[in-house]
Amino acid sequence: MRKFSEKLPAGLVIHSKKQTGFCAGADVNEFVETAEKENWEISSRKIVYDGWYMFEKLEQLSKKIPTIALVRGFCFGGALELALSCRYIVAIDEETTSFSLPEVKLGIYPGWGGIKRLPQKIGPINAMNMMLSGSFVNARKAYRIGLADVLSPY
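Under our numbering, the first residue of the sequence shown is numbered 421, with each subsequent residue one higher.
Hints are computed from structural coordinates only; laboratory data are not their basis.
Quick caveat: nothing in here was measured; it's all calculated off a predicted structure.
Some hints could be false.
Here are the simulated BS3-like pairs of lysine-lysine, each with C-alpha atoms no more than 27 angstroms apart in a straight line [stated by the list, open to error]:
(1) Lys525 with Lys484
(2) Lys477 with Lys466
(3) Lys477 with Lys536
(4) Lys466 with Lys483
(5) Lys525 with Lys483
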């Protein structure tokens with residue numbers, strides 16, 4: 421993100437080279453490992469703050485240039501929060517493409533800005549359903565409710 425503050429690109433596309441999925445989100449084990457090595461409260465706050473700060477910067481960049489999250493396969497947790505920080509979400513119309521905030525089932529809230537961005541994107545009712553249940557939304561439903569801006573055959 422620091423590089424982009426020096427010279428803005430014409431646009432930014434975030435995608436994964438993996439055929440199986442965009443990203444499964446944050447590594448929950450990282451929280452546990454960090455807690456075992458360091459002070460839990462300090463380390464967990466740092467993890468949350470670092471992710472939140474990065475996605476805030478991406479959202480600010482998205483106001484200056486087009487940013488696109490190209491999602492194929494699973495887009496869970498922090499990955500969904502990353503996608504929500506982009507101006508556009510393009511979902512590949514495949515059975516495996518799905519969106520979720522499954523961390524809520526573990527008692528972890530979407531701390532990287534998803535709590536504010538998801539309702540802005542899909543409205544409070546759909547957002548609360550996803551944020552409270554950890555339910556999965558396939559590509560077509562994501563497009564229907566406004567989570568995905570484009571449904572692409574790829």
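Status of each hint after checking the structure:
Of the pairs offered as hints, the one joining lysine 525 and lysine 484 is violated, with about 35 angstroms between alpha carbons and a cut-off of 27 angstroms exceeded. A distance of roughly 16 angstroms separates the Cα atoms of lysine 477 and lysine 466; the hinted pair therefore holds under the 27 angstroms criterion. Straight-line distance between C-alpha atoms of lysine 477 and lysine 536 comes to about 15 angstroms, which keeps the hinted pair within the 27 angstroms bound. For a cut-off of 27 angstroms, the pair hint linking lysine 466 to lysine 483 stands: about 26 angstroms separates their Cα positions.
Restraint check for lysine 525 and lysine 483: the C-alpha separation of about 32 angstroms exceeds 27 angstroms, so the hint is violated.
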